[in-house]
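Q: If you read the sequences in order, they're chains R and C.
First residue of the first sequence: 1, per this note's numbering; consecutive thereafter.
First residue of the second sequence: 376, per this note's numbering; consecutive thereafter.
There's no promise every hint is true.
Derived coverage of chain C by chain R (criterion: at least 3 residues anywhere in the stretch with Cβ under 8 Å from a Cβ of chain R; other residues may be distant) [said to hold, decoys possible]:
#1 500-506
#2 530-542
#3 547-556
#4 634-648
No lab work stands behind these hints: they were computed from the structure.
Note that the structure is a prediction, hence the values are computed from the model and not measured.
Quick reminder that beta carbons are idealized off the backbone N, C-alpha and C, glycines included.
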Amino acid sequence: MAHDPAPAPFLQIQNIVKKFDDVYAVDDVSLDIQQGEIFALLGSSGCGKSTLLRMLAGFETPTAGHILLAGQDIVGLAPYERPINMMFQSYALFPHLTVWDNIAFGLKRDGMAKDAIEERVTQMLDLVQLRNYAKRKPHQLSGGQQQRVALARSLAKRPQLLLLDEPLGALDAKLRQRTQLELVDIIERVGVTCVMVTHDQEEAMTMATRIGVMSEGKILQIGKPAEIYETPNCRFVADFIGTVNMFEGTVEVDEADHVVIGSADCKHYVTHGITGTHGMQVQVAVRPEKISIQTQPVDDAEREFPAEIGYNQVQGVIAEIAYLGNLTTYHVRLQSGLLIKVTHTNAARRGSAVMTWGDTVYLWWWGSDVVVLTR
Amino acid sequence: MQRILQNYFGRAWMVLVFLFLYLPLLFMVVFSFNSSRQDAVFTGFSWRWYEALGRDTKIVEGFWLSLQIALATGVLSAVLGTFAAFVLVRYQRFIGRTLFSGMVNAPLVMPEVVIGLSLLLLMVGIQNVFGWPERGLLTIVLGHTLLGMSYAMVVVQSRLLEVDRSVEEAAMDLGAKPVQVFFLVTLPNIAQAIVAAFLLSFTLSFDDVVISEFLSGPGVNTLPQVIFGYARRGINPTIYAAATILITIISTAVVVYSVWVARQSRRLAREAQLALAEAQG
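Same shape as in the complex, but just chain C:
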């Protein structure tokens, strides 16, 4: 009995975890095709909620808004996060380093509600003095970037620590000035990490509810805000349809990316082995 438990416990646990994570999602996907409004009973297969989705301007507008915000946030976060990572990794001693490091890492541990509220107060204050900005797309992007930049920095920093400094020294030795070294040598080597940072902050921004709620204006609603609104007013399977489409898009993207990365590393390993075999032969 004990041996059976030992053999299968790992696998059984894995199955339980997957069920826990994906059963709710599965439920939602299945019921997006439900022909009636009811939640408890599956009355039949129907596309009606997808049709309703096409007609629902709020959801579609929310989706486009979220997309724009996420793209802007992703790019800004990746760029700013890379700068911050570079400074922290390359310059071990400068005045205010500890303070700077603390400030860049703070959003990672601060509650989003606190961040959102303080940003709101800041925006209101500035608006009172300068008459700008109106709360809307710009303010949401700023708020999301604040958070996204911290995550981006962590990702790029860990990659930057692995980069061989002698490669940069070699570039300088061969005549490249520091700016050229950065763009010609450092950047290509951390490119993958910067892309990962972009994707991370993009996802964070797209998914965000708390900061968006604080910093959005009247009539400006991101997709998560729209869905939240619907959910509060009562179950509407249209949001199931929206969610299912989102899940499909993201899952496909993740799978394609993973397959591509796996292929790259397999190709690299094969080429390295080939070179070794050639040299010995």
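Excised from the complex, chain R in its bound form:
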């Protein structure tokens, strides 16, 4: 996760709409992006994130709405008139030019003096550690090297806004993890404001200061990675980020400081109030790592939290075990038939597995670790 910058609304996207024939690719999106932050638009294919990015770059014109960059509306400007640069998913390096000429391309279009160009290009090559590759052509570089050239090229003109289109999509898994942090490091060192588009949650969570989750042309939730993960505001976001267990239930007790929701398997004690009414249908979302699993029935004395005694616990049978080395995910079948996922860190080495298929187990979790979703 990147560090937080000082707030100042730098990029304002106001009620942007994009229609292709009768389809709304982007449906009334409004965003404020602070200077220096890395903002990720996260969503699956077809949600409108790429269209939104292209509108920022100038390759698509919005059907309605304004985009203000440092106070100036850039909607009427062509891509070559904007102080914005983009790093493409396929890198889009010029195949007939050397690495040096690729990076210098934008600077030459600006009419920069020759020695100034030389200084800047060398600076960029050092930034991405490709000093010795200046004379090579793109086909003579590996995928990771091409990406670094594309990054250097997009930063060469010191743009006010950097756009990244699925920056790590074209890399293999091993390279991806290493590059995620390197990329953030470079961007923060340069200090440029950045908007990136991705369908990979891990990429968004690792790299971004704030994330905007998109679906069907709308932004569902904006927040820091922890906020999105721990306090999703709707079922879609809860389900899209990571894994989540959902209990369907009805509000039975509705107080300002706590709520009790009854579901098929148990009663949920939630340690905060919700905006809802008695009798309302809601979902209770619990993340797999928040649930404790044990072979003995739950001893309420252990739990100690007075109001929670008897609540937030279920009994079930282990249906599946997914052993991942550092974690084990248990799939537990409850009495109502609901399948619950529980993630358990393998903090201690054990000679043989303690819990196995078919075992009856007892699950419990704290009421503060629960999110109630009303939509």
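Using the hints, position chain C against chain R.
A: Just chain C now, kept in the frame of chain R:
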């Protein structure tokens, strides 16, 4: 028996095809060195027909004329064909697109006789009204370009479809205006296809008989027309000599070009592999 047939049928067929294609040419090359006029018997080796060729002004003039026309046609066709290809590939919707596409592709399927005759009528008509042009080099170039442009467009179009649009977008993103994008990014990437289009229309023009016949004036004869004329009047091995020289020139050019292209692609593959090995090591 069946296995032998299966093994060798492919090769045998290939040999037959090559014989079919090149035996007539071989015959002509061999008899260009014949010491007598006869066609059926090879009486001895002689350079006499090559000497006669040097003295034959008609053939030499025809060759130069054909060369000029082919060069002009090649350049015009490549340029116009590139424009047409660009328009058809980049602009998917504009008024008259279907008509335009049909018109540019039409010369490919129309009989040359029809093209030649209609162009002749057009030229005569214009000449009656404006007193110009006289049928000669200019009219032949126009006629050849009409045909050559269609072929050039097809070649450039197929290459243009393969070009990655994001490279052009990247250029615009970095500050290049559309005209600059075309000359700095698009053109270098389709350059090879444009050269191929040039060569194709050059060859087509050099070889053309039908349109040249319709659109040439008195005393203006392209090389194919000269050879045709000679062939009609009776066998003259001088034309064998002319043809042999042409074949030699073109064959050499093709071989050199192929070798060069093969070397380029081998070098590219080697460099790409080297980069990959370096990154892994």
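Q: Each hint needs a verdict: does it hold in this structure or not?
A: Each hint tested on the structure:
1. 500-506: violated (count 0)
2. 530-542: It holds: at least three residues are needed, and the segment 530-542 of chain C offers 3 whose Cβ sits within less than 8 Å of chain R.
3. 547-556: holds (count 7)
4. 634-648: holds (count 3)
Against the hints set out earlier in the document, a violation occurs for number 1 only.
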